[in-house]
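Peer 1: Here's the letter readout for the chains.
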Amino acid sequence: MSEHADDKEESLFEAPPMAEQERMIEAILFATAEPVSVRDMQARMPHGSEPKEALVYLTKRYEGRGVHVVRVGDAYAIRTAPDLGFLMQKETVETRKLSRAAIETLAIIAYHQPCTRAEIEEIRGVSVSRGTIDQLIEMEWIRFGRRRMTPGRPVTFVVTENFLDHFGLENARDLPGLKELRAAGLLESRPAPMGADAGDEPEDAEQDDLFEDDDVIELP
Amino acid sequence: MSEHADDKEESLFEAPPMAEQERMIEAILFATAEPVSVRDMQARMPHGSEPKEALVYLTKRYEGRGVHVVRVGDAYAIRTAPDLGFLMQKETVETRKLSRAAIETLAIIAYHQPCTRAEIEEIRGVSVSRGTIDQLIEMEWIRFGRRRMTPGRPVTFVVTENFLDHFGLENARDLPGLKELRAAGLLESRPAPMGADAGDEPEDAEQDDLFEDDDVIELP
Amino acid sequence: MADTGLFDAQDRETQDRVAERLAAEALIVDVDGFEGPLDVLLTLSRSQKVDLRKISVLHLAQQYLAFVEKAKQLRLELAADYLVMAAWLAFLKSRLLLPPDPTEDGPSGEELAAHLAFQLERLQGMRDAAARLMARDQMGRDFFARGVPETVERIKKVTYTATLLDLMQAYARIRTRDEFRPFVMDRDSVYTMEEALGRMRGLIGFAGEWTDINTWLPEGWGDDPVKRRSATAATFAASLELVKEGKAEIRQDETFAPVQVRRKD
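Chains as they are written, first to last, in full-length UniProt numbering: chain A, 1 to 220; chain B, 1 to 220; chain C, 1 to 265.
Read the hints as simulated data drawn from the structure, not as lab findings.
Only a predicted model underlies this, so the values are computations on that prediction, with no experimental measurement involved.
All C-beta atoms, glycine included, are put in the ideal place defined by N, C-alpha and C.
Treat the hints with care, as some may be off.
Per the computed footprint, the stretches of chain B lying under chain C, defined by three or more beta-carbons under 8 Å from a beta-carbon of chain C, are [stated by the list, open to error]: (1) 21-32; (2) 73-79; (3) 107-120; (4) 136-149.
In silico EDC-like links for lysine to aspartate or glutamate, alpha-carbon gap of 16 Å or less [what the hints assert, rightly or not]: (5) B:K90 / A:E34; (6) A:K97 / C:D166; (7) A:K90 / B:E138; (8) B:K97 / B:E138; (9) A:K90 / C:E150; (10) C:K264 / C:E209.
For each label pair, taking beta carbons as the anchor points, the in silico distance ranges come out as [claimed, not checked]: (11) A:D174 / B:M18: 41 to 51 Å; (12) B:M18 / A:F86: 14 to 24 Å; (13) B:D134 / A:A33: 22 to 32 Å; (14) B:S127 / A:D83: 54 to 64 Å; (15) B:E170 / C:T159: 56 to 66 Å; (16) C:T159 / A:A33: 34 to 44 Å; (17) A:L169 / C:V158: 48 to 58 Å; (18) B:K52 / A:E121: 18 to 28 Å; (19) C:V158 / A:G145: 45 to 55 Å; (20) B:G152 / C:E111: 24 to 34 Å; (21) B:I137 / A:A33: 25 to 35 Å; (22) B:G48 / A:R147: 18 to 28 Å; (23) A:D174 / C:V158: 24 to 34 Å; (24) A:P154 / C:T176: 23 to 33 Å.
Generate the whole structure from the sequences, applying the supplied hints.
Peer 2: So, in structure tokens, the structure goes:
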């Protein structure tokens, strides 16, 4: 606080050295909530200061740094370098289990590929929401196959290389058949109550699920 | 995307050059008013970054400048140089005037932490009013520590990161005069000889010296 | 607060006495401004102008007692803790003045005095520390934080996973859905009461003697514990049913003893 008085006294004779003035505007620009005009800086700084000149030095000093001195209208401010904007985001990654609708759809495609949407619906016993297919495509686990040469030429779906990679398969044909699943004990487990009434699953619930998912997924 | 692929990608990417990392923490620290922990920086920076090392360079870079890199507990912040406070009359926040009781209570907690109310009263020789403690908690300068493992399990108080930040302390070990006070034996709890002013004795004689207890000092 | 720095006369003793009297009077005038007896004692001790470690507690006790005395003369109400301290200091004074009584236990006057001196020194130490703390550069007054903090945007990214097992189980679930009965229960090891009853009705006519119900279990149900438990329960329930119908009698000698049945004639 006493320096204040000192500075004032000194300022009657001469302005602070330019390096000192640069420090001053650095502190002012840092601590001030709004961009500061040159006039405002001058008013705050000891008499005889030349903020305009000090600003030139300060701007130069911050060139290529993580923050820059920028001009905002008639005033100046310190701002994050544009290329570092990504640091102002904190990304949290959450891993979720694929929804039952999605995993079942995926399983049907894997076992029956190429497989049309109508076929998936027939096997699952419920309609397949667009969101489910979109999600699997976005995850790059399925892709469009050839159109079926039947009336309406429906599109088919097949699994991707990514799918095989993720599940550690050489080929979708390597997937164990029902008999093998049973032998491996995978069919012995009684279906959970949920499993039993899968066919009654309300479509709305499924769709809600997916709208939610879509929102999250679309973030960059 | 498969985790496998992610890992591969990450290990293929090299951490940014140190100069770039320095820019990044510069941007991060400029952007916040609160101290940022090293872990937090690391989470926001590209994989493989070493904010701790970059901080050394950045701290050096700002030596003698209008703003400084300061350490607050486990975190770092940029603060204006104290000698330039006179420029900041507009920014000065009028802090509530603390009563003498509050200031002394704060000092006792800071130097004796973790510290029970009974210990504060023993040292000051008068009872501590609730309002005093409340005020310090409200200012976020003290918080509750662990309960003391003595009869009655009294609560203890410790100072916060905000306290360190406000008084420009790196950690509680840097409190002014701490060494001298300890050397003079004034920070030990010395039980009153039997028969001396009864009732003023603190609950427990074994006041663990908290400055060696990293658990409590290391503010999150 | 009384400050003895005003006095720089040469005659120490006169000076001290004057200071003491002035201090005591100042104290009384300002007694509300003190934070308890320890605070008063600390203020009084300053008149000794020595290191607090070398303070004369006896002298201090006398000063304090004089202060309380003066307050009484002025008919000032002193808070109870001031009087408690006065009583304690009077006790301490007598201990310090009298030769130690070997028959009396408890701390000596010196020990008590040393502790009081410690308390005063500690209080002074904390006050000095508080002053040094408050004299530090403070944020928002001497140094400043960023004026325009940027908010850190939180982005939640969700990734989905599934294992091969999930995939196969999902497929198995769909493909075998129709094979399951709506109510699935392991019937292989369940022996129903109806079955037991049917079996017993046919046999009870031949049971003239008391027989352990364990011997009534059907063939092949006695070895596997799961099956045995189910068959035993069913047979017991069926026995009770027969008793209720008046076709059999049932008995048990004591708790956990074998349960026996026979035909009722």
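Peer 1: Each hint: holds or not?
Peer 2: Checked hints:
no.	hint	verdict
1	21-32	holds (count 3)
2	73-79	holds (count 3)
3	107-120	holds (count 4)
4	136-149	violated (count 0)
5	B:K90 / A:E34	11 Å, holds
6	A:K97 / C:D166	10 Å, holds
7	A:K90 / B:E138	29 Å, violated
8	B:K97 / B:E138	14 Å, holds
9	A:K90 / C:E150	12 Å, holds
10	C:K264 / C:E209	10 Å, holds
11	A:D174 / B:M18: 41 to 51 Å	47 Å, holds
12	B:M18 / A:F86: 14 to 24 Å	19 Å, holds
13	B:D134 / A:A33: 22 to 32 Å	30 Å, holds
14	B:S127 / A:D83: 54 to 64 Å	59 Å, holds
15	B:E170 / C:T159: 56 to 66 Å	39 Å, violated
16	C:T159 / A:A33: 34 to 44 Å	39 Å, holds
17	A:L169 / C:V158: 48 to 58 Å	25 Å, violated
18	B:K52 / A:E121: 18 to 28 Å	56 Å, violated
19	C:V158 / A:G145: 45 to 55 Å	27 Å, violated
20	B:G152 / C:E111: 24 to 34 Å	27 Å, holds
21	B:I137 / A:A33: 25 to 35 Å	27 Å, holds
22	B:G48 / A:R147: 18 to 28 Å	46 Å, violated
23	A:D174 / C:V158: 24 to 34 Å	29 Å, holds
24	A:P154 / C:T176: 23 to 33 Å	27 Å, holds
Against the hints set out earlier in the document, violations occur for numbers 4, 7, 15, 17, 18, 19, 22.
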